[in-house]
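If you read the sequences in order, they're chains Z and B. The numbers in the first sequence follow the working numbering, run straight up by one, and end at 107. The numbers in the second sequence follow the working numbering, run straight up by one, and end at 1213.
Worth flagging that the hints you see were computed from the coordinates, not collected in a lab. On a predicted model such as this, the values are computed, not experimentally measured, just so you know. One or more of the hints may lead you astray.
Claimed, not checked - Distance windows between CB atoms, simulated:
id : chain 1 : residue 1 : chain 2 : residue 2 : range
1  : Z       : 103       : B       : 1149      : 47 to 53 Å
2  : Z       : 76        : B       : 1094      : 23 to 29 Å
3  : Z       : 94        : B       : 1135      : 40 to 46 Å
4  : B       : 1213      : Z       : 94        : 27 to 33 Å
As the list claims (entries may be wrong) - Taking lysine-lysine pairs in the BS3-like style, the calculated list, with each CA pair at most 30 Å apart, reads:
id : chain 1 : residue 1 : chain 2 : residue 2
5  : B       : 1033      : Z       : 107
6  : B       : 1033      : Z       : 76
7  : Z       : 76        : Z       : 47
8  : Z       : 30        : B       : 1209
9  : B       : 1088      : Z       : 76
10 : B       : 1059      : Z       : 76
11 : B       : 1088      : Z       : 107
12 : B       : 1024      : Z       : 47
13 : B       : 1088      : B       : 1033
14 : B       : 1024      : Z       : 30
Said to hold, decoys possible - Derived coverage of chain Z by chain B (criterion: at least 3 residues anywhere in the stretch with Cβ under 8 Å from a Cβ of chain B; other residues may be distant):
id : stretch
15 : 12–25
16 : 29–35
17 : 42–50
18 : 59–72
19 : 100–107
No residue lacks a Cβ here, since even glycine has one placed at the ideal position from N, Cα and C.
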Amino acid sequence: MTALKQEDGPAFCEPWQAQAFALANALIDKGIFTAEEWAQALGAEIKRAQAAGDPDTGETYYNHWLATLERLCADKGLALGDEVADRAEEWRNAYLATPHGQPVALK
Amino acid sequence: MPHDGHDHDHDHTEPPSDIELRVKSLESLLVEKGLVDPATLDALVDRYEHHVGPQNGKKVVARAWTDPAYRQWLQDDASAAIGDFGFKGRQGEHMVCVENGPKVHNLVVCTLCSCYPWTVLGLPPVWYKSAPYRSRAVADPRGVLTEFGTTLAPDVDVRVWDSTSEMRYLVIPERPAGTDGWTAEQLEQLITRNSMIGVEKARTPEELKGAAE
């Protein structure tokens, strides 16, 4: 049997985790998803990840959180997968085109 | 030619990792569409990083230990009693307080994902979100308690509560012996986050003294 991890660690290990956390909760607060819908979708995402070999020890929790957020946003037509991928490319190019030390902005 | 000029590193900014870009892209799309407000996002992060945590739950438990009318209120309508401190949950989320006693020990889990009483305990620890805890808390609660150093007499009834998006549980641990006359503020020092999830008991006055030395 796997031993339980007992160390706590910080609430968020990296800033993106906090941003993903806030995005989902902002959408729940606005009533765009219900809390029930969110919990079911997150539970299903964790099961899918487990089936695909994720160790599911809690460290990858925010990866599942983000995947759930992307899936629900796509299902509801808020932000489709292609739209997000295109936007990521635009951001990547914006970083590459911005001199070091300057603020990065989309054109 | 890439990576050969000394000045090369200064004419661009290194893009963030793929996962950071995914979040940033989603956020910028949702903001543009008017679905989320950046200030709301910052406020949410600030609230959960700095303002909400087990210190809220400690106040609730210490008052339950010292005020019988409040304790009854927690049993009758925990959401309202907790709201009396200004600790308000999200819409549609009901709090339930479960009390430990000499013959009853309560343990909280979320077998589905990570539902947790945020308003009183903040965000859950990593182990609460892990598969071993989620499955073993139900299959072998005494084994889980032993791993946290908590041993119970064989005749104690262990009750496991599975949290959902609608029902969140707060364990009211047993008030330790030798604390007669203590104020709520003194009692708060004995209450731990883990004791309010139910994996441990509240600290004893001896343990508190030992920890301070």
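Results of checking the hints against the structure:
no., hint, result
1, 103/Z to 1149/B: 47 to 53 Å, "holds (50 Å)"
2, 76/Z to 1094/B: 23 to 29 Å, "holds (26 Å)"
3, 94/Z to 1135/B: 40 to 46 Å, "holds (44 Å)"
4, 1213/B to 94/Z: 27 to 33 Å, "violated (56 Å)"
5, 1033/B to 107/Z, "holds (17 Å)"
6, 1033/B to 76/Z, "holds (13 Å)"
7, 76/Z to 47/Z, "holds (21 Å)"
8, 30/Z to 1209/B, "violated (47 Å)"
9, 1088/B to 76/Z, "holds (28 Å)"
10, 1059/B to 76/Z, "violated (40 Å)"
11, 1088/B to 107/Z, "violated (41 Å)"
12, 1024/B to 47/Z, "holds (26 Å)"
13, 1088/B to 1033/B, "holds (29 Å)"
14, 1024/B to 30/Z, "holds (20 Å)"
15, 12–25, "holds (count 11)"
16, 29–35, "holds (count 5)"
17, 42–50, "holds (count 4)"
18, 59–72, "holds (count 6)"
19, 100–107, "holds (count 5)"
Going through the hint list in order, the structure does not satisfy hints 4, 8, 10, 11.
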